[in-house]
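Asker: Chain residues, written in single-letter form:
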Amino acid sequence: MATFQGYQRPDGPAGVRNYVAVVPTSVAASAVAEAVADRATETVRSTPHQMGIDPPKAAREQIERTLAGVGRNPNVGAALVVSLGPETIDADAIADEIAGAGRDVETLSIREAGGTAATVEAGVALARDLWDGIADARREERDASELVFGVECGGSDATSGIAANPAVGAACDRLVRDGGTASFSETPEFIGAEHILADRCVDEEARERLLERVERRESAAQLMGVDLRGAQPTPGNQDGGLTTIEEKSLGAISKGGTTPVRRIVDYAESLPVGGGLVLMDTPGYDIESVVGKVAGGAQIVAFTTGRGSTTGNPLAPVIKVTGNPKTADRLASNMDVDASTIIDGESIDAVGERIYETLLEVASGARTAAEQRRLEEFAINELQPNELAERRGEA
Amino acid sequence: MKGEVLGDCGLHMARADNVVTAIADLEAGTEIPSDGATIELVEDVPFGHKVALVPIEAGDTVVKYGEPIGEAVESIAPGEWVHTHNCESARGRGDRVVIEEEAA
Chain F
1 MATFQGYQRP DGPAGVRNYV AVVPTSVAAS AVAEAVADRA TETVRSTPHQ
51 MGIDPPKAAR EQIERTLAGV GRNPNVGAAL VVSLGPETID ADAIADEIAG
101 AGRDVETLSI REAGGTAATV EAGVALARDL WDGIADARRE ERDASELVFG
151 VECGGSDATS GIAANPAVGA ACDRLVRDGG TASFSETPEF IGAEHILADR
201 CVDEEARERL LERVERRESA AQLMGVDLRG AQPTPGNQDG GLTTIEEKSL
251 GAISKGGTTP VRRIVDYAES LPVGGGLVLM DTPGYDIESV VGKVAGGAQI
301 VAFTTGRGST TGNPLAPVIK VTGNPKTADR LASNMDVDAS TIIDGESIDA
351 VGERIYETLL EVASGARTAA EQRRLEEFAI NELQPNELAE RRGEA
Chain E
396 MKGEVLGDCG LHMARADNVV TAIADLEAGT EIPSDGATIE LVEDVPFGHK
446 VALVPIEAGD TVVKYGEPIG EAVESIAPGE WVHTHNCESA RGRGDRVVIE
496 EEAA
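Chains as they are written, first to last, in the numbering used here: chain F, 1 to 395; chain E, 396 to 499.
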């Protein structure tokens, strides 16, 4: 069986990294969270985001689910939750959820601590103490079935559907065969290919939910005056040779491989461990979509890009895969796997095997290009007014 | 690579496809062997873009990966570039298309 060297956690699967996460509850605490992470040790990482003090209820629930999920990610050994003070997003409730996963947690309020400078100072001390509590953790051999592998694509071109996505899909098939979980998302990129995914759903419930979510994303876009057929493919995608949203979607879904679709989960909802192929309903925006899967428990992410993307994540290593020979050359220092060899005749299966080996190596501690450069983008999906109206209607 | 490479310059993803994807920057006049015949490119086609293999009439379905990817909005001759200027999305809800076909 395939294995990796991971960090055992009190609750849930093993981590592939051992971090103290500094989690701000709002944009008002984000700068402090970043300063704490910068000044503490290398193993302290912040998740600064843009959400406000008092978001509408449905948005608040999604933000709380995301922040608690991020704090419970297997790569997080301990967490510090930082707030300004007046947020309706409850720092104590988030801390309680993280503590419920057996992690040491502290909270800190900027108002109570006496302002930003005092909070940064107190936060650095707390983060170092939390690190001391997990610093002794050592990697041990773990089964690949503990891995939750998030898959994302961005900057797509014609090579995405021909090379990079099917190769990552072949790696997903291997992980699923070994008992793990693979998850891809970006519901707007199912449009035009959802009938293929629907046919692969294991039961009627998953099938109906998938079609309902695709319809919801499409009608939400239309309500905002955006016709996804007009906005997709993007001008960049079109330069790369993608003509229609159907063509883009047919290429996009190949990144999940060929196994049955087991379930559809909401943005930032927990992904099952040992769950096979599971889809997450997220927007098409790459960074928000990656964060949704990391909040759902993905320890590691593969990101395919034809035109070139450099993005990473503060808590989960992001493996960059390109199928475009020009991008493999020009952005070599930002790429981890060159799948453009498929264009020259290397089999998709052979490249899939290389990606799976890279996945296990990175899970065991090898650092990705994005990690080496500390590229750590973080953003939470913000529900739009029409989505909020629709969710109020459901309640 | 999935599909069939035609003349080292085009990738035919599935048997049913009426387009082929350029796997190099191709110049007008490039010849692509297909089904015992030869398709000559009537214009330059960049890497990653598509070329018609057979005559496609306005309203015909453009097929890649063995699946519909859109509809021709004008007639396209073999060897012509197929992109946003002559092919449009037929919309996304392929499941409805399937259901309509089943009902028909």
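Any given hint could be a false lead.
Label pairs and their computed distance ranges (CB to CB) [stated by the list, open to error]:
no.: 1; chain 1: E; residue 1: P441; chain 2: F; residue 2: N386; range: 34 to 40 Å
no.: 2; chain 1: E; residue 1: S470; chain 2: F; residue 2: S347; range: 33 to 39 Å
no.: 3; chain 1: E; residue 1: P450; chain 2: F; residue 2: S219; range: 36 to 42 Å
no.: 4; chain 1: F; residue 1: A31; chain 2: E; residue 2: T479; range: 51 to 57 Å
no.: 5; chain 1: E; residue 1: V437; chain 2: F; residue 2: N386; range: 42 to 48 Å
no.: 6; chain 1: F; residue 1: P56; chain 2: E; residue 2: A419; range: 47 to 53 Å
Because the hints were derived from the structure by calculation, they are not lab data.
Even for Gly, the Cβ is constructed at its ideal location relative to N, Cα and C.
Asker: Starting from the hint 47 to 53 Å, judge whether the C-beta atoms of P56 of chain F and A419 of chain E obey it.
Answerer: holds, 52 Å
Asker: Mind checking the hinted window 36 to 42 Å against the Cβ distance between P450 of chain E and S219 of chain F?
Answerer: holds, 37 Å
Asker: Against the range 42 to 48 Å, how does the distance between the Cβ atoms of V437 of chain E and N386 of chain F compare: consistent or not?
Answerer: holds, 46 Å
Asker: So the hint says 33 to 39 Å: do the beta-carbon atoms of S470 of chain E and S347 of chain F match that?
Answerer: holds, 37 Å
Asker: Quick one: are P441 of chain E and N386 of chain F within 34 to 40 Å, going by C-beta?
Answerer: Holds, since P441 of chain E and N386 of chain F (Cβ atoms, about 38 Å apart) stay within the stated range.
Asker: Are A31 of chain F and T479 of chain E spaced within 51 to 57 Å by their CB atoms?
Answerer: violated, 43 Å
Consistency with the previously given hints fails for number 4 only.
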